[in-house]
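*Asks:* Residues per chain are reported as follows:
There are 2 protein chains.
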Amino acid sequence: MRLPLQVLNLGLALIALAAGNVLAQQISPDPLLSWNDGATKQAIVEFVAKVTDEEGTDFVPPAERIATFDNDGTLWAEQPFYFQLAFAVDRIKALAPQHPEWQTREPFASILKGDIDSALAGGDHALVEIVTATHAGMTTTEFEQIVKGWLATAKHPKGLPYTEMIYQPMLELLNYLRANGFKTYIVSGGGVEFMRVFSEKAYGIPPEQVVGSMGKLQFEPRDNQPVLVKLPEVDFVDDKDGKPIGIQKFIGRRPIASFGNSDGDLQMLQWTTSGDGARFALIVHHTDPQREWAYDRNSRIGRLDKALDEATAKGWTVVDMKTDWKTIFPTEDATP
Amino acid sequence: MRLPLQVLNLGLALIALAAGNVLAQQISPDPLLSWNDGATKQAIVEFVAKVTDEEGTDFVPPAERIATFDNDGTLWAEQPFYFQLAFAVDRIKALAPQHPEWQTREPFASILKGDIDSALAGGDHALVEIVTATHAGMTTTEFEQIVKGWLATAKHPKGLPYTEMIYQPMLELLNYLRANGFKTYIVSGGGVEFMRVFSEKAYGIPPEQVVGSMGKLQFEPRDNQPVLVKLPEVDFVDDKDGKPIGIQKFIGRRPIASFGNSDGDLQMLQWTTSGDGARFALIVHHTDPQREWAYDRNSRIGRLDKALDEATAKGWTVVDMKTDWKTIFPTEDATP
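Just so you know, the protein sequences line up as chains A and B, in that order.
Residues in the first sequence are numbered from 1487 upward in steps of one, following my numbering.
Residues in the second sequence are numbered from 1487 upward in steps of one, following my numbering.
Please keep in mind that the hints were generated in silico from the structure rather than gathered at the bench.
Honestly, I wouldn't trust all of these hints.
What the hints assert, rightly or not - Ranges of calculated distance between the beta carbons of each label pair, as one might list FRET restraints: (1) B:Leu-1613 / A:Arg-1786: 42 to 52 Å; (2) B:Asp-1762 / A:Leu-1519: 38 to 48 Å; (3) B:Pro-1548 / A:Asn-1661: 13 to 23 Å; (4) A:Val-1614 / B:Pro-1548: 36 to 46 Å; (5) B:Glu-1628 / A:Gly-1690: 32 to 42 Å; (6) A:Lys-1800 / B:Gln-1528: 56 to 66 Å; (7) A:Gly-1761 / B:Ala-1582: 30 to 40 Å; (8) B:Ser-1514 / A:Leu-1717: 46 to 56 Å; (9) A:Thr-1817 / B:Lys-1792: 53 to 63 Å; (10) A:Arg-1786 / B:Asp-1603: 58 to 68 Å; (11) A:Asp-1601 / B:Gly-1763: 44 to 54 Å; (12) A:Asp-1601 / B:Lys-1792: 46 to 56 Å; (13) A:Arg-1786 / B:Glu-1628: 36 to 46 Å; (14) A:Thr-1627 / B:Asp-1791: 22 to 32 Å.
Unchecked claim - With the C-beta cut set under 10 Å, the calculated list includes, among others, these residues of chain A facing chain B: (15) Glu-1679; (16) Arg-1682; (17) Glu-1686; (18) Val-1697; (19) Lys-1702; (20) Glu-1706; (21) Pro-1707.
Idealized CB from N, CA, C, for every residue including glycine.
Can you build the whole structure from these sequences, using the hints too?
*Replies:* Now the structure itself:
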């Protein structure tokens, strides 16, 4: 066979490339660099090795390597309260001049006084009031712009932008899974339209791989252009039982690996681990009051009680944040 | 630089591979072989060339190349009535021995007599009765098995399995778009759990890229294993206004190209084409009574009226099935 010159050149270029790859493999850094060596890290690596080994009995074809991640407390922090609530609080303050009635009406009055705990004392009813006042009545495009603007300027009490309060070890885990053919999803109680604004940039998870809670939408013409208006009505709550339901509705395949941090994730972990073949469930246990926060059974936010018991009973992997994570946030300044 | 022998061997293998690729490109067949040359085929090719040209002003990054396809009448046939209704009818016949009351109760009595038109005369109420009797009361896994069994044995009146009543030109179009970096989705009024059973095998569209109508689900333990039970309650109807809403809920990005065949697709086409930048809308017009069916403005199924007017007014691409499609079904026997 005679080859044209450009093919030979291409061949030589590919030889060089292949040599580079060999070199890169020899010196390739640990993909889970921020995870301390130990049982947790080992469990992750062993699971991934098992399901990607084409010769093994636990092999899972790439199309079925679905991994689902809770967001609040699993991919980013959730203290002193859910970041989406911080967004809502800032939004209520911004909108207050147009709503003089809020000065005397709960839960708004307490929020405007800076007393979030009293505002939340109203329970689910208060939460729905807060969410609908801040997440409805605009188009989906307008809402996206509002969230973008907030993320660009708002700061967590620790002084960092919210999108820097994400967990470096979990970013590495997401990349590691994707490098091994997994499709990574967020399955969170958070609002889907809120998370989709930053999920791709923060986690490398595109909007279509984000499952979350949502309000009802209405399609209508506006200035001869169709828009989708966010209505003040809850459509779907992606928490607890809602997580496996959301997975079935939006993904239509049962995950082989799931990652959470609270009782709100228990049903997702149960659903994932009760499928056939190799399965993996991991719980992030917040045990580091110095670098992050320490909370579990009695926490108002991210309560981890039944899920921790079930993790023990069923041998799920539990991250001890303090000992398992070398680094917590991507920027060192994030540590308290 | 000295290279180990295996790298040199790899290089030689890659040269051979590259030569093969050059050869393959030289003799590569038309990716839209079943489309006759003409304005329709040209419009498709020009749009794809435009959005994939990195130097051009209409370039769209691969991540945003979302294309959404209606299913019934767009990817597979829908006459003499929706195939999912054929499934429901067969299912009612199979379940009839356990439901003696159906012999005298509409819409079941008519269905059991083989009179579908009379059964459907009951309108939406009759349809809901039919759907809930056949699509609820079992787990999602059980339903999947039932649909699989039906697809493996049921035959369309034309004598073919339903999954062979798909359109060869549309299969080529799906492949062509995917080869050009598009992510292809089904957005259909059909039941999402029905379509997900065959979408990957029939169209190369994985379950997680299927958006459709759905019933409510319930998570519950059964024999110590969690299951998802299909409840007799409509959750979401993915038709008309529901299509752009479904796109926003499930995909979270506006498509740049949409494909439909009836007024039920109009809002999806409006939503797609009203975004910024290059956009593409295509309507499959059923004009071939010999090889397929001919119907539009007054059809009981797949009514194409307002959407055809808007296509004309806005210059959307309309497939004239009779003249634009060289082949209709993958197997020649499918032609009447």
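*Asks:* Now tell me, hint by hint, if it's right for this structure.
*Replies:* Going down the list of hints, with the structure as the test:
{"no.": "1", "hint": "B:Leu-1613 / A:Arg-1786: 42 to 52 Å", "verdict": "46 Å, holds"}
{"no.": "2", "hint": "B:Asp-1762 / A:Leu-1519: 38 to 48 Å", "verdict": "40 Å, holds"}
{"no.": "3", "hint": "B:Pro-1548 / A:Asn-1661: 13 to 23 Å", "verdict": "19 Å, holds"}
{"no.": "4", "hint": "A:Val-1614 / B:Pro-1548: 36 to 46 Å", "verdict": "39 Å, holds"}
{"no.": "5", "hint": "B:Glu-1628 / A:Gly-1690: 32 to 42 Å", "verdict": "36 Å, holds"}
{"no.": "6", "hint": "A:Lys-1800 / B:Gln-1528: 56 to 66 Å", "verdict": "59 Å, holds"}
{"no.": "7", "hint": "A:Gly-1761 / B:Ala-1582: 30 to 40 Å", "verdict": "34 Å, holds"}
{"no.": "8", "hint": "B:Ser-1514 / A:Leu-1717: 46 to 56 Å", "verdict": "49 Å, holds"}
{"no.": "9", "hint": "A:Thr-1817 / B:Lys-1792: 53 to 63 Å", "verdict": "54 Å, holds"}
{"no.": "10", "hint": "A:Arg-1786 / B:Asp-1603: 58 to 68 Å", "verdict": "59 Å, holds"}
{"no.": "11", "hint": "A:Asp-1601 / B:Gly-1763: 44 to 54 Å", "verdict": "46 Å, holds"}
{"no.": "12", "hint": "A:Asp-1601 / B:Lys-1792: 46 to 56 Å", "verdict": "53 Å, holds"}
{"no.": "13", "hint": "A:Arg-1786 / B:Glu-1628: 36 to 46 Å", "verdict": "40 Å, holds"}
{"no.": "14", "hint": "A:Thr-1627 / B:Asp-1791: 22 to 32 Å", "verdict": "30 Å, holds"}
{"no.": "15", "hint": "Glu-1679", "verdict": "7 Å, holds"}
{"no.": "16", "hint": "Arg-1682", "verdict": "5 Å, holds"}
{"no.": "17", "hint": "Glu-1686", "verdict": "8 Å, holds"}
{"no.": "18", "hint": "Val-1697", "verdict": "9 Å, holds"}
{"no.": "19", "hint": "Lys-1702", "verdict": "8 Å, holds"}
{"no.": "20", "hint": "Glu-1706", "verdict": "8 Å, holds"}
{"no.": "21", "hint": "Pro-1707", "verdict": "8 Å, holds"}
Of the hints listed earlier, there is not a single one the structure fails to meet.
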